[in-house]
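Mind assembling these two chains? They're in different frames, but the hints should get you there.
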Amino acid sequence: MRKYSVFALAREAMRGHKGWDEQWSSPEPRAEYDVIIVGAGGHGLATAYYLAKEHGITNVAVLEKGWLGGGNTGRNTTIIRSNYLYDESAGIYDHAVKLWDGLSQDLNYNVMYSARGVMMLAHNVHDVQVLKRHIHANRLNGIDNEWLSPEQAKEFCPPLNISKDARYPVVGASLQRRGGTARHDAVAWGYARAASARGVDIIQNCEVTGIKRAPNGAVMGVETSRGFIGAKKVGVVAAGHTSVLMDMAGVRMPLESYPLQALVSEPVKPVVPCVVMSNTVHAYISQSDKGELVIGAGTDQYISYSQTGGLHILNHTLDAICEMFPIFTRMKMLRSWGGIVDVTPDRSPILAKTPVQGLYVNCGWGTGGFKATPGSGNVFAHTIARDEPHPINAPFTIERFRTGRLIDEAAAAAVAH
Amino acid sequence: MLLIRCPYCEEERPELEFRNAGEAHIARAADIAAVSDEDFEKFFFIRSNPKGIIYERWRHIHGCARFFNAVRDTVTDKFVMTYKAGEPKPDISKLKKESGPAAYANRPPDQLNVKKPAAKRAPASKGDA
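In order, the protein sequences belong to chains A and B. Position 27 (the first sequence) corresponds to 27 in my numbering; numbering is contiguous. Position 33 (the second sequence) corresponds to 33 in my numbering; numbering is contiguous.
Everything labelled a hint here was simulated from the structure, so no lab data went into it. Among these hints, one or two may not hold up.
[To be verified] Result set (DSS-like, lysine-lysine): computed pairs, CA atoms no more than 25 Å apart in a straight line:
id : chain 1 : residue 1 : chain 2 : residue 2
1  : A       : 232       : A       : 212
2  : B       : 51        : A       : 212
3  : A       : 154       : A       : 332
4  : B       : 78        : A       : 353
5  : A       : 65        : B       : 42
6  : A       : 290       : A       : 269
7  : A       : 353       : B       : 89
8  : B       : 51        : B       : 78
9  : A       : 65        : A       : 212
10 : A       : 98        : A       : 53
11 : A       : 290       : A       : 154
The structure presented is a predicted model; accordingly, all values stated were derived computationally and were not measured.
This is chain B alone, in the form it adopts within the complex (with noise of 0.2 Å):
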């Protein structure tokens, strides 16, 4: 089970309270109808399915109930940060330098939930990552 960090609560809570929303960043219409053919299927149907990173939509059905985004590499399914919905699609160049394998996953249970930024918080102890 994923362990999944809500922007919202600001507390690491498990994948159970949460539903997937699908892929983030993917625009709808303004005018639906006025579309294409080719691209409501872009919007509709086609999509990325990246091996690596992707930026996927979270809902924290039973928390806060708001939608926001994360960040998460598919092949580890490692979380690299979550963010408010509306909030600009991160850097990933820039990510990768920030976050530690450690950033939001596998941390001690003493030091779940503690309200400061990831990065401020004390470093993991050994033997955890």
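Bound-form chain A, shown alone (with noise of 0.2 Å):
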């Protein structure tokens, strides 16, 4: 792998940009493999780069069924933060806060983090005891975050309407300043290319189709659709699709699939400076570097694997939008996607082994799980390698919908789900 520098790309530029090497190769896929990541989105990738740099594995294929990262990595609206309620939650966000910050220089890769900061409002008497609530058990967690009065939610956020007058007037927000934005392409991207650049390969276009196991129960390899491949240990990191994944191998999860929808707008000059949510009106809200708003609606209400969303949903957090900056009702919406996120009864994660030997499982993030994409990487890869789970994902087990040790974000309700 050439380094990008500052020096590369002067060189570069004398030369009419000729000599930039592909960002990963793309191989024929071997016959076995030491592990094999299924589903090249952000955390999958994240996985395999982990896997080769802090525990040595680097005979690792990620397979794809479509192309890398393409999925809901390529879909969500990039928001990052760290304030969640349990301890648990606030463990593993917050390990990836901890590594957004010096990703880009890790992976050589500008992954465009910005710590723009994420202001969530408070609409209602509720809304301030539930963010007050947030505010102090993150204290205890050592993870920031504040509260603003009205007027200081303005002054961080401009555009804000903090009027008496408003249908759901704001009455106060929670601000965690390390929250924030990156690119969630150049994320899989960066991953992509750190990871082949140690051995990892990405194999795209290449679906799986069943997974294999020997007479004792365990791992064998994975069918796809370029033929067997081997290998002892196989982690499922297919998002929406984790379910059927999983049933391949004759394991029944505690997940549903739903479609997630967002939007973005014409493209204006900045004039969102941080990322706003509020979870009782339901909308949230940043501003991509490239100057479109970016807009997260709520999921449908149905199962599907569709892709697409009714359009009510988005009609929906689109008046909420209008209601807290009314600067932008007559702004144009350019496009609108959907993606089908996997969510669990608690609203928590699974990172974990299942009752399969060989076979590990990273979903159920519902929807917010670009945020997690470092961390959740980098303690999967240490349950693979290590075949236990590393302590800050070790109760976010399947076994948690058995035993009643739930990490029930779900009624806490960071974020609406």
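So, in structure tokens, the structure goes:
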């Protein structure tokens, strides 16, 4: 891998940009690998990268049925924060935020992590109590989160409407300054390039059609659209399709897959300097470096794999955006799209070993997995390499739905699920 | 937005009138306190989440307010059929023969909510399937 730097850029500028290498190689699959990761999204590629970097396991393949980063990694609203209520969640999401800081240098790839602050609005007494509870819980876990008055919120985000005449007036806000955004595609590409440089095979257009198990039940490898590939360890990181893949190994999951939509406006000059979220009116918004307003909507109410959602869901979100930011009522929306998110009953992820020997699963990130990408890949690589969970992801088992040790962010509702 | 036929009202109505109520045909144990942790997990948390035909419950919350069941394809989001709560789980292989692509969905407005069984209706005009 040739290092990216200002000198490399200058050298290539002189040579007509003819010397750039492919960012990652696309080899033919080998007959057998030490580890196969199913799914080349951010989490899968990060897992492969940390397997190679921190555990010295480089005989790894990442299999992707479509194109790299073409699922939810390329469809999310790129928000990063770690102000979750419960200790377990705080642990894993803040592990990720710590890795985001410095990730561009680590990968030698600009992932455009911008700690511009995530502000969550309170509109009523309940919101105030919930957000303040989060602030206190976060402080105990060493996570920055502070309370803002409406005036301070307006100062931090000038286009915000804090009029008392609003239908849902802003009565306060919490602010995590280390929260922000990153460039989602660059995260996938950066991890792919860095993993490929360490010897990981990234194999696109290779759909897994079966998970083969030995007579003793352990994993032997996967059947794919490009033939059988052997491996004693298989990590499934397939987001909305996790139930389908795990079913191939005979494991039934506590997951349901729903469409989640997002949309962007026409590009405009910088106007929203941070991320603004409101659980009560259900909207969140930020502005990309290209100038588009990036707006996240809610999930549809029914299970679907269609990667499209209902228009009324977007409409509802835009109602809320116009309520929070009357300045945007004349704005044109440019594009909208949907992704399929896998939701667990307690709205916390599963990063764990499974009842099948050699089969590992990283799923259930629901509507908010992007923010966790580096942390998730980091501890999942540990889980696969050592065949035991890292202390950070130890609580995120499948068995918690049997034992009742839920991590109930659904009830804590740090985010509108 | 989906168009959903309520089998009680016998009308096809917009999704906004309905609330999805999860997977159908999951029976609650008569003595729920007596079931094992494994069985409770299966009943309460584990879901089939199929890519393809799903059996699911809906509630016509802004209509008759009753629960009913539906068979839907989760890839196309098209309904194969809806049926009343308590009726047996339909056999998919049989359903496929009876249901065309426009059995319930994409019907022209003037043919909506005609109180005749779907099978006996006039075929939809060309170009709307």
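Taking the hints in turn, this is what the structure says about them:
1. 232/A x 212/A: Satisfied, since the Cα-Cα distance of roughly 10 Å is no more than 25 Å.
2. 51/B x 212/A: Answer holds: residue 51/B to residue 212/A is near 20 Å, not above 25 Å.
3. 154/A x 332/A: 24 Å, holds
4. 78/B x 353/A: Status violated; Cα separation ~36 Å.
5. 65/A x 42/B: Given that 25 Å is the threshold and the Cα spacing comes to 30 Å, the pair is violated.
6. 290/A x 269/A: Holds, at about 9 Å.
7. 353/A x 89/B: 35 Å, violated
8. 51/B x 78/B: Judged against 25 Å, a Cα distance of about 13 Å means the pair holds.
9. 65/A x 212/A: Within the cut-off at roughly 18 Å; holds.
10. 98/A x 53/A: 17 Å, holds
11. 290/A x 154/A: 23 Å, holds
Taken one by one, the earlier hints fail for this structure at numbers 4, 5 and 7, listed in ascending order.
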